[in-house]
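Taken in order, these protein sequences are the chains called A, B, C and D. Take the first sequence: its position 253, counted from the start at 1, is 1537 in my numbering, and no numbers get skipped. Take the second sequence: its position 269, counted from the start at 1, is 1553 in my numbering, and no numbers get skipped. Take the third sequence: its position 76, counted from the start at 1, is 1360 in my numbering, and no numbers get skipped. Take the fourth sequence: its position 262, counted from the start at 1, is 1546 in my numbering, and no numbers get skipped.
Possibly wrong hints are sitting among the right ones.
Since copy identity is lost for identical chains, a pair holds within one copy or between any two.
Stated by the list, open to error - Straight line, CA to CA, 30 Å or less: simulated DSSO-like cross-link-like pairs of lysine-lysine:
hint : residue 1 : residue 2
1    : K1427     : K1598
2    : K1550     : K1383
3    : K1588     : K1427
4    : K1553     : K1605
5    : K1450     : K1331
It is worth saying that the hints were derived from the structure and are not from the lab.
Single-letter residue listing:
Number of protein chains: 4
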Amino acid sequence: MAGNGFGTIFRFTTWGESHGPAIGCVVEGAPPRIPLSEADIQPWLDKRRPGSSRFTTQRKESDRVQILSGVFEGQTTGAPISLLIANEDARSKDYDAIKDQFRPGHADYTYWAKYGIRDYRGGGRASARETAARVAAGAVARKILGDAIVVRGALIQIGPHAIDRKRWDWTAIDANPFFCPDAQIVTKWESFLDETRKAGSSTGAIIEVHASGVPAGLGEPIYDKLDADLAKAMMSINAVKGVEIGAGMAAAALSGEQNADEMRMKGGKVTFLANNAGGILGGISTGQDIVARFAVKPTSSILKPLRSVDRFGKDIEVSTKGRHDPCVGIRAVPVGEAMMAVVLADHLLRHRAQCG
Amino acid sequence: MAGNGFGTIFRFTTWGESHGPAIGCVVEGAPPRIPLSEADIQPWLDKRRPGSSRFTTQRKESDRVQILSGVFEGQTTGAPISLLIANEDARSKDYDAIKDQFRPGHADYTYWAKYGIRDYRGGGRASARETAARVAAGAVARKILGDAIVVRGALIQIGPHAIDRKRWDWTAIDANPFFCPDAQIVTKWESFLDETRKAGSSTGAIIEVHASGVPAGLGEPIYDKLDADLAKAMMSINAVKGVEIGAGMAAAALSGEQNADEMRMKGGKVTFLANNAGGILGGISTGQDIVARFAVKPTSSILKPLRSVDRFGKDIEVSTKGRHDPCVGIRAVPVGEAMMAVVLADHLLRHRAQCG
Amino acid sequence: MAGNGFGTIFRFTTWGESHGPAIGCVVEGAPPRIPLSEADIQPWLDKRRPGSSRFTTQRKESDRVQILSGVFEGQTTGAPISLLIANEDARSKDYDAIKDQFRPGHADYTYWAKYGIRDYRGGGRASARETAARVAAGAVARKILGDAIVVRGALIQIGPHAIDRKRWDWTAIDANPFFCPDAQIVTKWESFLDETRKAGSSTGAIIEVHASGVPAGLGEPIYDKLDADLAKAMMSINAVKGVEIGAGMAAAALSGEQNADEMRMKGGKVTFLANNAGGILGGISTGQDIVARFAVKPTSSILKPLRSVDRFGKDIEVSTKGRHDPCVGIRAVPVGEAMMAVVLADHLLRHRAQCG
Amino acid sequence: MAGNGFGTIFRFTTWGESHGPAIGCVVEGAPPRIPLSEADIQPWLDKRRPGSSRFTTQRKESDRVQILSGVFEGQTTGAPISLLIANEDARSKDYDAIKDQFRPGHADYTYWAKYGIRDYRGGGRASARETAARVAAGAVARKILGDAIVVRGALIQIGPHAIDRKRWDWTAIDANPFFCPDAQIVTKWESFLDETRKAGSSTGAIIEVHASGVPAGLGEPIYDKLDADLAKAMMSINAVKGVEIGAGMAAAALSGEQNADEMRMKGGKVTFLANNAGGILGGISTGQDIVARFAVKPTSSILKPLRSVDRFGKDIEVSTKGRHDPCVGIRAVPVGEAMMAVVLADHLLRHRAQCG
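Bound-form chain A, shown alone:
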């Protein structure tokens, strides 16, 4: 009810602040007898880990995950899986200066307005550090989905620079620091980001996540449509301002016949001749790739001074030093993948519940 968890049958609840002793989550509903160890989770955390390139924050966190429960002799038992990640490089002193200030674009003012108290150290509960717990939960979700369902994300736009979709190559993803599927745009992004940082500024980005191998039939009409849950999942990620499924906002400009994903039988199977629907019709998966896209706003912490107010009602100027990602969108790729995975795992179990 207080909004710290996501999912129904497969559900995880996260806790922890940026500068507390640790963060973590409790993952519930995982079927029993699934092989699971820290080694299944760690690689995904490493993808999201800060400091992996010069384009992300230099905070040093090893992000080692510990399984505290729910696994016995290498297998899930059906009991809740408690995952813990220690905070190691929290420099709370960095934040003393802003403890009474409301930084524009951050949740400082709104947390204060809501709770009348605010853990200002590193953004407290509102820090993107929380997303590490999502990634850990997503790794468990992937084990439930199995090998036949593949969830992959890509960064498709940084600032005004979008990839050329015709050059999309999944194998390029791991060969650059941006999870970028278009190898040719990488150098442009590098120089754009270097300039952005030098200017004391920041930039936004767009992430696209695909899930292939998803069987037709997942999703619960009416309110827990697969796309509705994906929209919530993605929009719940820090700094996200828009979510699209398939053709997305552009669907508005299409005609009925342009938008229609026609069907034909092929090898005894229903196949679609296009995928404007992003793999979802009436909230239920069609068997095509699920395609979700989301926009991340530019990092709010920038060097350039901005006008703001403090909690005493005084006008101030805020200029954020600290260690920040010039483009938080980069590290949002593994987070978006994780959210896709948890939504699918939940709906897989939900479908099994009602439809066997």
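Given the coordinates of chain A, work out where chains B, C and D should sit on it, guided by the hints.
Just chains B, C and D now, with coordinates in the frame of chain A:
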């Protein structure tokens, strides 16, 4: 769990199919002693009602709502409010032809894949007729929000034709059949829609919903962020493919300083100098207008023949006659308003629960 | 959240007041393609129906159930099933006298204290009439459980007069107006109830519900134990003050070896040599009969005058005329059965969700 | 959904096994700015801690609780409170012998039947050690309830030996190792328990929990009645087989006038002349003391050999050595108090949500 309800403390659960005897919903959690009668609900239903102009379906439904419970001597009692709307003009015969066919863009194939059974009459449970129940629940939500919070929606794009935002005028909304805030574009839309229909085609649209007067502090981090719940709410509406908050997808192209909504004290109050955030930071309302936008795909039922398959695995051609909206986006305006209202009413009560 | 529903995957939400136009419920999560019609539900409602003997209230309700949604061509579709039962014999005039009074033992004072408003007609939302909706939902649950799982209830005590368990005979149940499994005690009960009514008094009762054929493995530790959910289910029935599983409260007086249900292999199957556990260990079904028991307090509406207060803070005397069951426990038997059925149906689906 | 949590607005989710590295819980929904530290929680854990007298298990656990999140500068922030208790004295070797055996009365067989895997060490997830997490959550709940609401539990029966209620003295509770309110029965209980242990047996018990100072109006009809939630809360505690509210099962034998809690105005306040209702009418608190009672079955682990089967389908004899409480009911007292506190805290916030 089977996805027929929305909300937590303020929650509604809908039921009913397009061609069943009736549709309806059960609204739970409304505070007691709120004046409520059918007259508070009917006007909103009338806005959504089919047949109100030549640009919507000609199905004739009076959409009279009946309150069956939860109201005593003109006031809510705290008990669940059961609302019922009879189906009057269901011509199921129209649908005999498609009972074994999967219409492209519709939920026909996915419902079949999921349930192995499908009420094909008028789209069954997947029909946009379900949204009447949302509008009814939204009307109750408005009563909870009170007069200080105003929820208004507008159609801002039909097909490729977007309004000019500089001409935005809320008073224009009720003076045209499109809920359009830009009076000058109306004739262009009329002729575009007339052509679209003559061509046996259809078109998409974009709707924008504003809520003003919302106090700062509503929304539950982390997963039930106000924007996350709005994203789910809007994406759950039939045919929606994208949802944006504030700057939306365009935030990706902005720099940190462009995107920052700076703050200043004004008359003793925190005020924002821009609203790229759409009134939400860290998932919590800022006190500015809440701004949500969503894209509706073109109506899937078109006269132009489309390739498809039937449930026997045969390739077919589908051409939909029946009575259909050439642009379902128009009637989505009151639905989007309703979903905004229910999200806000729920979060108002949730906030009161935890924060008093 | 406002407490009008029960269950998770199989879930029903009830609405309606004693003297409103109708009562009903929305049943969600029923698997698709289960044959279902009003004829599957009506017989269970008839068992609970008032006026079926001289020992129950003489209110005349035909309690005809109508299926408004979720069933197509005789089968469930997976969509919510809306069930409606009209109120026919509501004599609200009878209640004018008590509209400002708080009747002892009733929810009059507490509803007033909670909501500041109260539908006093026939007890409003607090009326046992609400249990008809439970019975309807229970009938759907039985269809999900199938024929292999049999849910049966019996009245085992009226006032101080308990049955002799050695004479337990399920076939006797339908041969007397009490659902009594001990044919010999029936005449004693009849005369006891006649005296009770003549004295303007009322009496309590104990109901026992068995479910046989339940497979081992149902129930979710830790908080949604099968017995915990049964306890909630039974305690939620009007006037219930105690719930027992298996040996129940008497387990306190037993020694470890007396209480142990020892096990032996028999025909290749695990069998238990006793059933003090009531078919549940660690919150999970053992495969034995599930045995739940609950006590219903005496009807609060009695002719004998009782001291009370009214809503103006005045001391008063209350003597209830109207049409009342001298022992509401009798009609609680089909209600207890229904609650057992809904709990089992939900846990059957929940088990399938996580464990396949 | 997998049953590891309890509550709605105030909600806690527990995790951990008896012999894993730690157990813990995540507490959500606590209002902000409540003073909270480990020192507020530890005393309640100490009451439940094993080894505090010769009548409880000799497992040595310091049960030190650690707050990992949700508290900043000594106050709750509104964020989830993660509580962790390390397991220190887990002797898993003790359990090697029973790893393939199903101990009668334990959850061994049912966990196996459900999950096909079982952490047999110390009972795994089914161990009563989990109740430490409940007590920790209960301590947070007490802080929400404040000083005006007092929750106290007592042991009122061990085996066949019930206290004399006329001698009830709350101050006696802390003066004996049984939380017994009847000082005179203590020596009888001591010798009874000594004999029980010498005989290699065990015994059951009855606990009664009172909450005073609860305002009228808490509880949500129909299904989340205050008593229904209490019944679930208490029945979810390990080994509980029966729950009563007020007069409980004995209400069945009463007449309407005996059972009626008559009312009179006293000092301008509604007062009740008796409390058979246990402080709850129609599922809503009356303002009287809330009174709940539950029976705990005898400890299943006894020295006396019992017939059972193993997981290979072989008949065996089981005799449990290890370190066990001869009467688990004793340590259930603080657990029952905790469950009362969490139910009340949740309903306090729920009431505030809907009724302001």
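Outcome of the hint check:
For the homomeric pair K1427 and K1598, neither the shortest alpha-carbon distance inside one copy (51 Å) nor that between copies (34 Å) is at most 30 Å. Taking CA atoms no more than 30 Å apart as the test, K1550 paired with K1383 passes between copies only; the shortest distance there is 22 Å, against 62 Å inside one copy. Proximity of K1588 to K1427 under the C-alpha cut-off of 30 Å is found in neither arrangement, the shortest distances being 44 Å within a copy and 44 Å between copies. Taking the shortest alpha-carbon separations for K1553 and K1605, only the inter-copy value of 27 Å comes in at or below 30 Å, while the best intra-copy value is 57 Å.
Within a single copy, K1450 and K1331 get their C-alpha atoms as close as 25 Å, which meets the 30 Å cut-off; across copies the closest is 44 Å, which misses it.
Checked against the numbered hints listed earlier, the structure breaks hints 1, 3; every other hint is satisfied.
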